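If you want the building blocks of each chain, they are given just below.
There are 2 protein chains.
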Amino acid sequence: MLQQQKIIMASVGEVMINKQVILKHFINTAPKESDMVVKTSSLSLKVEPGSNAVVVKNLYLSCDPFMGSRMKKFENPDFNSFIPGSPLEGIGVAKVLDSGHLDFKKGNLVWGTVGWEEYGVVENPENLFKIHHTDVPLSYYTGILGMPGITAWAGFYKVAAPKKGEYVFVSAAAGAVGQLVGQFAKLMGCYVVGSAGSKEKVEILKNKLGFDDAFNYKEEHDLDAALKRCFPEGIDIYFDNVGGKILDAVLLNMRIKGRIVVCGMISQYYLRQPEGVRNLLNIVIKRVRIEGFVVVDYVPQYSKFLEVVLPLIREGKIVYLEDITEGLENAPAALVGLFNGRNIGKQIVLVARE
Amino acid sequence: MLQQQKIIMASVGEVMINKQVILKHFINTAPKESDMVVKTSSLSLKVEPGSNAVVVKNLYLSCDPFMGSRMKKFENPDFNSFIPGSPLEGIGVAKVLDSGHLDFKKGNLVWGTVGWEEYGVVENPENLFKIHHTDVPLSYYTGILGMPGITAWAGFYKVAAPKKGEYVFVSAAAGAVGQLVGQFAKLMGCYVVGSAGSKEKVEILKNKLGFDDAFNYKEEHDLDAALKRCFPEGIDIYFDNVGGKILDAVLLNMRIKGRIVVCGMISQYYLRQPEGVRNLLNIVIKRVRIEGFVVVDYVPQYSKFLEVVLPLIREGKIVYLEDITEGLENAPAALVGLFNGRNIGKQIVLVARE
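As you go down the protein sequences, you meet chains A and B in turn.
So the first sequence is numbered by numbering that gives the first Met the number 0: it starts at 0 and just counts up by one.
So the second sequence is numbered by numbering that gives the first Met the number 0: it starts at 0 and just counts up by one.
Quick caveat, the hints were computed from the structure, so don't treat them as lab data.
Heads up, a few of these hints could be off.
Any copy will do: because identical chains look the same in the list, a pair fits if it lies in one copy or spans two.
DSSO-like mimics (lysine-lysine), calculated; alpha carbons at most 30 Å apart, straight line [claimed, not checked]:
(1) 227 <-> 56
(2) 45 <-> 205
(3) 71 <-> 207
(4) 71 <-> 227
(5) 162 <-> 45
(6) 185 <-> 198
(7) 72 <-> 256
Everything numeric in this text was worked out from a predicted model, so none of it was measured.
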């Protein structure tokens, strides 16, 4: 069958069997493996004549919480839902196999939005970033050198406006973004505490990532007390990845002119009704600023970001934990694990080695 | 009796019978008239030799929501509770009768923190503001030219960072601060809607204060729907005096990069447990900034504020609604009315005419 296809499609180039992760249907809860199916189809590896597209071979795919949101039928103009019957989309690192676009040529390494598949056609390659620095792991472009990196950098340096010596709390601190926020804060001379969902993660925060302290929120029946224990002087900056109960407890512990940077609220995404946050009066009493942000607003500053972070990686001043799952067929499980807190560090799927 | 006292105290000057509003006990709910008692005592109208104090005759006393908070036994270092058995304190306009302080002399008009009494001794007169402009009503120094004025000015211009043409929503819009925020926003070319708690207030907002629209929150069983009706394009700036349910509904209607300036949350002050606010995820989705502020941080900019607002008053570009209760004996009822929304505009007690 493949041979036949190869012959038939000869005029547009080699045709490859292409494994894809397909969304079966819209979801209303956190994603389950059964919401996706891995299928094979075929794809020509040549760009169609006259097209600006590029054909890529995917190397790494990033598992991100926003992908769960895109599996919902979402009516918000800021989000596009995935399409049932089509492959999921996410951030990936890929190699250009063929290009109809002047800026890209065969062999270029890129990162950006790609399909969850082994090979794919990127119709708007101008949205891809070319990878110029390959002395660092390529997978880093899904993490510390990609969206989670810009997110942590923008949220901490641009939104939180940190000062040396401030008290910083990070939730989901062993995750793709949290681990970087904590390390940025330490580099700035802040006192940093993280929360995470397992003993193992807490050990990693304290022993590998340089956090001053950390706690397992699942073992704390009184989050307010846990925060008071870790921050007897109160919190200047809370980098919120979680929302809900932990945000409510943080509000009781903010210092005057404190800032709460809201990056995400993963605890709230799949509740039938979001939890009520009761301690907002502290916003007035303590003159607190709560500010949400999205990374796309900071993507134009990507090269400036690289100038800061690449040297930190090369000089060993910052480390990045990755949780790499091998094989596209295991991608659904890897994505689902994200919503159970199974991953330690940035969850990535290795699709193919370069 | 008064004659006798006058003779005995002759060496330190004239002694006057002094009516005072005394806090009877700490409270846990909104203030009631029975939490206060009006008593008379006597006071020498001469400053004691060697003292820096000034003796004042109070002309106007301001009723402010924060006074209810100070009637609670409050453990927060930012607040001092009133003392049971002593007069309440608040902002007032007063005339200096005698002064031990170089900066003040007999006949000066001042505003600042005074006791709830007819005559009083101000031990730290350096915290009083001298009134230099008397071509405007003196009562204005409890309102548009005093703390509510600086509050509205700072909250709107400094915290909300408004732009021409933006959509502005103000709660408690007929109150001391809200009416000014709405007028500042109109002067800036914004579209302004206010909420208030009676039909009469809504009419005043629309017909006297120049709001584009207004609604009675007590008649809206669906606040989200009311906001969608008034703001089909969404809200850029919400000036929050109320908190709770209306804040929650506003969060569903914020525009991208919207700002919520939290001035107060009067709906929450006396609840056994504050209401839960459920729609905070919109902070991320819409990149919303929520920021609390307190007026004391902006008091150093008072003269700059006067330069802006005095001309607006003189040129008739801004109006200020006052609700004036006559007589110190009626002050407890006036203060209590504030928490029932009885006042229309700034609630003031006229203690004495100059």
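Now for the hints, and whether the structure bears them out:
{"no.": "1", "hint": "227 <-> 56", "verdict": "neither (50 Å within a copy, 47 Å between copies)"}
{"no.": "2", "hint": "45 <-> 205", "verdict": "neither (49 Å within a copy, 66 Å between copies)"}
{"no.": "3", "hint": "71 <-> 207", "verdict": "neither (36 Å within a copy, 47 Å between copies)"}
{"no.": "4", "hint": "71 <-> 227", "verdict": "between (38 Å within a copy, 24 Å between copies)"}
{"no.": "5", "hint": "162 <-> 45", "verdict": "neither (52 Å within a copy, 50 Å between copies)"}
{"no.": "6", "hint": "185 <-> 198", "verdict": "within (22 Å within a copy, 56 Å between copies)"}
{"no.": "7", "hint": "72 <-> 256", "verdict": "between (39 Å within a copy, 24 Å between copies)"}
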